Amino acid sequence: MNTVHFICTVILLINVQMGISERKEREKEAMRDTILDAAKKLFLDKGFEKTSIRNIADEIEYSPGTIYLYFKDKNELLLHLHYQAFGVMVTEFMAATPQEDPMDQLVQMGHQYIKFAIENPEMYDLMFVMDAPMEALECNDEIWNDGMEAFGMLQNLVGVCIEAGYFKGQDVDDLSLGIWGFMHGIVILKSKKRMSMFKDTESESEERMMRAFQTFTTMLKAI
Numbered sequence: 388m389n390t391v392h393f394i395c396t397v398i399l400l401i402n403v404q405m406g407i408s409e410r411k412e413r414e415k416e417a418m419r420d421t422i423l424d425a426a427k428k429l430f431l432d433k434g435f436e437k438t439s440i441r442n443i444a445d446e447i448e449y450s451p452g453t454i455y456l457y458f459k460d461k462n463e464l465l466l467h468l469h470y471q472a473f474g475v476m477v478t479e480f481m482a483a484t485p486q487e488d489p490m491d492q493l494v495q496m497g498h499q500y501i502k503f504a505i506e507n508p509e510m511y512d513l514m515f516v517m518d519a520p521m522e523a524l525e526c527n528d529e530i531w532n533d534g535m536e537a538f539g540m541l542q543n544l545v546g547v548c549i550e551a552g553y554f555k556g557q558d559v560d561d562l563s564l565g566i567w568g569f570m571h572g573i574v575i576l577k578s579k580k581r582m583s584m585f586k587d588t589e590s591e592s593e594e595r596m597m598r599a600f601q602t603f604t605t606m607l608k609a610i
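Mapping of the sequence shown onto my numbering: residues 388 to 610, in sequence order.
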């Protein structure tokens, strides 16, 4: 074998090895996603406390040992789902079209929040309704960084509104909490079917929620 052939053979072997490594990495990621999807389904259907690693393994037809190759325990699984959900929401917030008037930006953020909750009810439950994620954070001696980041985006925007002359004399933290509370409250009313009295279609119900938030912010302007 001459030098050229030898070099070509080495390059071919390297490419083959890289291809195998990339395929294994893709398979590993696919398995992680499969485990996370199964865990999310069971956590929401049965509850976190009543779901075991064996239940998750049975759901994907693998042994419990396979789960432990990817995740330390049930808490780690739950926290990954929690982080994943917040990542999606924050990404959507950051992709929003900038508005010249900060109040318009605030209304847009509220509409995005409501739309996200309607379109991703399972994620929303994991993020803001279930007790288990917060208990898992406490077990790991962690703080709620994801929630703080999302709330921080709202605080910053409310601060900009105050600087622009809105909400005079109001505390940023208190006002931000009130706005978040309104958005969360209307989402929960919808998710728990407490808005069925309006007999709206799904699209009409979503539009009603958007109008309600717009009305709420209009009331805030009078402060």
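Certain hints may be false.
[Said to hold, decoys possible] Restricting the straight-line Cα-Cα distance to at most 30 Å, the calculated cross-link-like pairs of lysine-lysine (BS3-like) are:
1. LYS437 x LYS580
2. LYS555 x LYS608
3. LYS580 x LYS555
4. LYS459 x LYS433
5. LYS428 x LYS415
6. LYS555 x LYS586
7. LYS411 x LYS459
8. LYS433 x LYS579
9. LYS433 x LYS415
10. LYS437 x LYS459
11. LYS579 x LYS461
[What the hints assert, rightly or not] Here are the in silico distance ranges between beta carbons for each label pair:
12. GLY452 x PHE538: 20 to 28 Å
13. ILE530 x GLU594: 48 to 56 Å
14. PHE569 x GLY452: 43 to 51 Å
15. GLY452 x ALA483: 21 to 29 Å
16. GLU463 x GLU414: 14 to 22 Å
17. GLU591 x LYS411: 46 to 54 Å
18. TRP531 x LYS580: 24 to 32 Å
19. LYS433 x ILE505: 20 to 28 Å
20. ILE505 x ASP528: 28 to 36 Å
Bear in mind the hints are in silico, worked out from the structure with no lab data behind them. It should be emphasised that the depicted structure is a prediction, and the values quoted were computed from it without experimental measurement. Heads up, the beta-carbon is just placed ideally off N, CA and C, and yes, glycines get one too.
We went through each hint and held it up to the structure:
1. LYS437 x LYS580: holds (25 Å)
2. LYS555 x LYS608: holds (9 Å)
3. LYS580 x LYS555: Violated - the C-alpha atoms of LYS555 and LYS580 are around 36 Å apart, more than 30 Å.
4. LYS459 x LYS433: holds (21 Å)
5. LYS428 x LYS415: holds (20 Å)
6. LYS555 x LYS586: violated (38 Å)
7. LYS411 x LYS459: This hinted pair holds, its Cα atoms lying about 21 Å apart.
8. LYS433 x LYS579: holds (17 Å)
9. LYS433 x LYS415: The hint holds at about 27 Å.
10. LYS437 x LYS459: OK: LYS437 and LYS459 at ~18 Å, within 30 Å.
11. LYS579 x LYS461: Status holds; Cα separation ~27 Å.
12. GLY452 x PHE538: 20 to 28 Å: For GLY452 and PHE538 the Cβ distance comes to about 39 Å; the hint is violated.
13. ILE530 x GLU594: 48 to 56 Å: violated (37 Å)
14. PHE569 x GLY452: 43 to 51 Å: Given range 43 to 51 Å: holds, Cβ gap about 47 Å.
15. GLY452 x ALA483: 21 to 29 Å: Violated - the Cβ-Cβ distance for GLY452 and ALA483, about 44 Å, lies outside 21 to 29 Å.
16. GLU463 x GLU414: 14 to 22 Å: holds (20 Å)
17. GLU591 x LYS411: 46 to 54 Å: With Cβ atoms ~49 Å apart, the hint holds.
18. TRP531 x LYS580: 24 to 32 Å: For LYS580 against TRP531, whose Cβ atoms are near 28 Å apart, the range 24 to 32 Å holds.
19. LYS433 x ILE505: 20 to 28 Å: holds (24 Å)
20. ILE505 x ASP528: 28 to 36 Å: Between ILE505 and ASP528, where Cβ atoms are some 34 Å apart, the hint holds.
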